Amino acid sequence: MHEMLAGQAVDAELTQLSQARPGDRGVIVDVRADHAGGHGVDVHELERRLLEFGFVEGAAFEIIHQGLIGADPIAVRLDDMRVALRRRDAEDVWVRLDPK
Amino acid sequence: MSESALQPARVALVGNPNTGKTALFNALTGSRQKVANYAGVTVERKEGFITTAAGRSLSILDLPGTYSLRARSPDEAVTRDAVLGRLAGEAEPDVVVAVADATNLRLVLRLILELKAVGRPMVLALNMYDIAQRQGLRIDLEGLQRELGCPIVTTVATRKRGIAELTAKVDELVATGAISTTNVWHEPSAAEIRGAHREAQRILKAYVRPPEHPDTFTGKVDAVLLHPVAGLAILFALLFVMFQAVFAWATPLMDGIDAAFLWLGAAVGQALPDGLIKDFISDGVIAGVGSVLVFLPQILILFFFIILLEDFGYMARAAFLMDRIMGGAGLHGRAFIPLLSSFACAIPGIMAARVIDQKRDRMTTILVAPLMTCSARIPVYTLIISAFIPNETVGPGLNLQGLVMFGLYAAGILSALAVSFVIRKVFWRGAVEPFLMELPTYKLPSVESVFRNLLLRAQIFLNRAGRIILPLMVAVWVLSTFPGPPPGATEPAIDYSFAGMIGQAIQPLFAPIGFNWQMVVALIPGFAAREVAVAALGTVYAVGDAEANVGALGARLAQHWSLATGLSFLAWYIFAPQCAATLGVVKRETNSWAWTGVMFAYMTTLAYLASFTVYHLAVALGGG
Chain A
6 MHEMLAGQAV
16 DAELTQLSQA
26 RPGDRGVIVD
36 VRADHAGGHG
46 VDVHELERRL
56 LEFGFVEGAA
66 FEIIHQGLIG
76 ADPIAVRLDD
86 MRVALRRRDA
96 EDVWVRLDPK
Chain B
3 MSESALQPAR
13 VALVGNPNTG
23 KTALFNALTG
33 SRQKVANYAG
43 VTVERKEGFI
53 TTAAGRSLSI
63 LDLPGTYSLR
73 ARSPDEAVTR
83 DAVLGRLAGE
93 AEPDVVVAVA
103 DATNLRLVLR
113 LILELKAVGR
123 PMVLALNMYD
133 IAQRQGLRID
143 LEGLQRELGC
153 PIVTTVATRK
163 RGIAELTAKV
173 DELVATGAIS
183 TTNVWHEPSA
193 AEIRGAHREA
203 QRILKAYVRP
213 PEHPDTFTGK
223 VDAVLLHPVA
233 GLAILFALLF
243 VMFQAVFAWA
253 TPLMDGIDAA
263 FLWLGAAVGQ
273 ALPDGLIKDF
283 ISDGVIAGVG
293 SVLVFLPQIL
303 ILFFFIILLE
313 DFGYMARAAF
323 LMDRIMGGAG
333 LHGRAFIPLL
343 SSFACAIPGI
353 MAARVIDQKR
363 DRMTTILVAP
373 LMTCSARIPV
383 YTLIISAFIP
393 NETVGPGLNL
403 QGLVMFGLYA
413 AGILSALAVS
423 FVIRKVFWRG
433 AVEPFLMELP
443 TYKLPSVESV
453 FRNLLLRAQI
463 FLNRAGRIIL
473 PLMVAVWVLS
483 TFPGPPPGAT
493 EPAIDYSFAG
503 MIGQAIQPLF
513 APIGFNWQMV
523 VALIPGFAAR
533 EVAVAALGTV
543 YAVGDAEANV
553 GALGARLAQH
563 WSLATGLSFL
573 AWYIFAPQCA
583 ATLGVVKRET
593 NSWAWTGVMF
603 AYMTTLAYLA
613 SFTVYHLAVA
623 LGGG
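Sequence order for the protein chains is A and B. Just so we're aligned: 22 in our numbering is position 17 of the first sequence, and the numbers increase by one with no gaps anywhere. Just so we're aligned: 283 in our numbering is position 281 of the second sequence, and the numbers increase by one with no gaps anywhere.
Accuracy of the hints is not assured; some may be wrong.
Calculated lysine to aspartate or glutamate pairs in the DMTMM-like style (CA-CA distance at most 20 Å, straight line) [to be verified]:
(1) B:Lys445 with A:Asp85
(2) B:Lys207 with A:Asp85
(3) B:Lys589 with B:Asp497
(4) B:Lys361 with B:Glu94
(5) B:Lys222 with A:Glu50
(6) B:Lys222 with A:Asp29
(7) B:Lys207 with A:Asp84
(8) B:Lys222 with A:Asp103
(9) B:Lys361 with A:Glu50
(10) B:Lys361 with B:Asp83
(11) B:Lys361 with A:Asp29
Selected chain B positions facing chain A (Cβ under 10 Å, derived; list incomplete) [stated by the list, open to error]:
(12) Gly221
(13) Leu228
(14) Leu438
To be clear, the hints were calculated from the coordinates, so they are not data collected in a lab. Please read all numbers here as calculations on a predicted model, not as lab measurements. Backbone N, C-alpha and C fix where the C-beta goes; we use that ideal spot for every residue, glycine too.
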C-alpha cells in the first residue's frame, strides 16, 4: 500500500498531519520521514518510531486534543489507541482528511 | 535431588507499557519478590518465585514495558537483552509470557511477532479480559492460538483470575521441554515494521471483532483533563495539593524520626564509654543514618501521589500538558515527573528520568534535576533567612521572609530552565528529539498495587541510602574528627581537624564571595547531605544541637556575618553542588564520570558566580 501511494503524496488532497485541527478525521496515506534536519535522530529512525506507534499507512485517525501554546503537541486517536506527538514530528505523516 | 532440578525454570514477562504486566507479576508471585539491579545498569530487576501446582519452581522476571525489541531507552534495552539472553549473568528465559491488554491488541501483536522471531517457547496472557468482555469485544481464542502458534490464557490480574491457568500452561511448556526455534530476530527496518503492521492487521481482522460498546470513559475524562486551559488549571491544582502534602503531612513524621534518632544517639551515648567509638557510633553512624532517613516520609508521600497518578494514567497527560511549556527550555514533556520528584530529593528524581526514552533529553533532565530546591536545602534556607531577613510584612499577606523563600525556589526553577536551554544549544546543537507517547486508557488504581509499589520505593531509597550515603557520612565524620584538638585547645575541635585544615587552606578561594573559613569548613560535611551544613555551622560556632536550636545559631551568625555574607551563602545554596549522594547517583545513572564532572563543574561555577554577584551587589548597597 505504501509503495502504491508513495507517488501520490504530492497530491493536492493530501495534507500533513501537523496541519490538522482538533476534530479532523481521516486516513494516513504516507509516512516518510524525509524533511531535512533538526531532529535529534536521523530521518529513518523517526520514520521507524512513527511506525512503531501505529502511524502506518491505512490507519484511521482523529485529532482529539491540542496543547495550549502553539496548539502543540497534539493527541491523536489511532484506531483503538491514543498517541501524543509534537506537530514537528507529525510533519512526516501525510494524511487524507475526511470531508466535513 | 540433582543440581538442575533445584534450579527454577526462568519465565520472563514481556509486554507493552500499561498492559497490567506488573499487576500480573504481583498476582503471580504475591509477596515473594526480590528487587535488585541488573549488573552494570541501574534498571530495576524484579524477580519473584513460585511453585506450580505440579510442584515445579519458577522464577518470574518482570521486564520493563516496551513497544519493540528495538530498544530505545535503557529500560527497553534490558528487556531486549534479557529476552535474547545477552545480559551479563543472566541466562535466556525458558518461557516468555507475552502480556497483552486484551482491549488494545494492535501494537502488542507486532511485539509478539518479534518475540516469535526470537524463538523461545511462549504463552500469551490476554490481560484485562473482563474489560474486553464488558466492551463486547470478541476474540476467537482458538483461531488466534492457531495463528500465533502459542497457547493463550485469559487473565484479570487485578482480580487474580486466570493466574492458576497461566502457571499451569507455563509448567506444561517447561515439562514438555518445548523446543526453542532458532533465533532469527534482528532490528526491523521500516519496511519490516510496515510488514508486521499488515500482518497484525490481518490477524486482528480474522480473529477479533471490534467492541460493541467501546470505552467512552477515557474520552470523556480527557475532554476535561486535556483541555488546554482547564487541563492546565487542574494540573497546577494537583501540584499544589501534592506540595502541600509533601511539606505539611510529612512534618510530624519527620519530627518523629528526628526525635527517635536523637534519642537513639543519646541512649547509645550513655551506654558506651566516652571516646572515639562512642563518637563514631552516635555522631557518625546514628546521626548520619538519621539525617538521611528523615527524608523518607517526604519521599513516600511524593511517590504515593506519583504512583497513584501514574496508575490512573494521568502522568502521560501531565507530560502532554507540560511538553510545550518545558519544551521552550529544551526539556521533554516527560521530564516533568523527574523534576517534580526532585523537589523532595534529587536522587529519586534522577532515577525517575529513566522514563525518558531519548538519551539527550534524559541527560538534560538529569543534569538540571539538582537545581530544583530539594528538601535538604530547607533547613539551610530557614536558618539563614531567620538570621538575616527581617520578619516583616511588605504587603497584603506578604511576609518578607516568605517572599525570600519563594524567590529561592523560583531562582532554582528559572536556572534549571536556563541551564537546559544552554545544554541543548551547546551539547546537542539545537537538535530536538521526537516526542511520541501513548496516552493510556484511564484505570482505577488498585490499592494493593499502589502500596506494594510504595514499599518498593522505600526499600530502594533505604538501600541506596545505606550503600552510598552512610559510607560518605562516615568519611565526613573522620575528616572532621581527626586529628583531635591539642591539649588545652580553646577553639571547637573541628578547627583542628582535617576538615578545619582544608577549610582554612581553601578559604582564600572563597574570600571573593564573602565566605569566612568557618563557612568553608561547614561546606565540607555538607558534602554528605546539604542540610548537615546547619549542624556543622553549629559545631564551628559552638552552638549545641544546632538543628533544634536554630534561633540561637541564627543569632550567632547574625553577629559574625555581614548581611552580604548571609545573602551570598543563600545564593550558593540555590546551586549547592556539594551533594555527594546526588553525584553518586548521577554517575550510576549516566554510567559516566564525564557527565558527573560536567554537572559538578557547572553547578560549582554557577554557585560561585551567583554568590559573587550577590555579595558584591549587597556590599555596594551597604550590606557589607
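Checked hints:
no.	hint	in the structure
1	B:Lys445 with A:Asp85	holds (16 Å)
2	B:Lys207 with A:Asp85	holds (13 Å)
3	B:Lys589 with B:Asp497	violated (32 Å)
4	B:Lys361 with B:Glu94	violated (27 Å)
5	B:Lys222 with A:Glu50	violated (34 Å)
6	B:Lys222 with A:Asp29	holds (18 Å)
7	B:Lys207 with A:Asp84	holds (13 Å)
8	B:Lys222 with A:Asp103	violated (23 Å)
9	B:Lys361 with A:Glu50	holds (14 Å)
10	B:Lys361 with B:Asp83	holds (18 Å)
11	B:Lys361 with A:Asp29	violated (33 Å)
12	Gly221	holds (7 Å)
13	Leu228	holds (4 Å)
14	Leu438	holds (5 Å)
Checked against the numbered hints given earlier, this structure breaks hints 3, 4, 5, 8 and 11; the rest are met.
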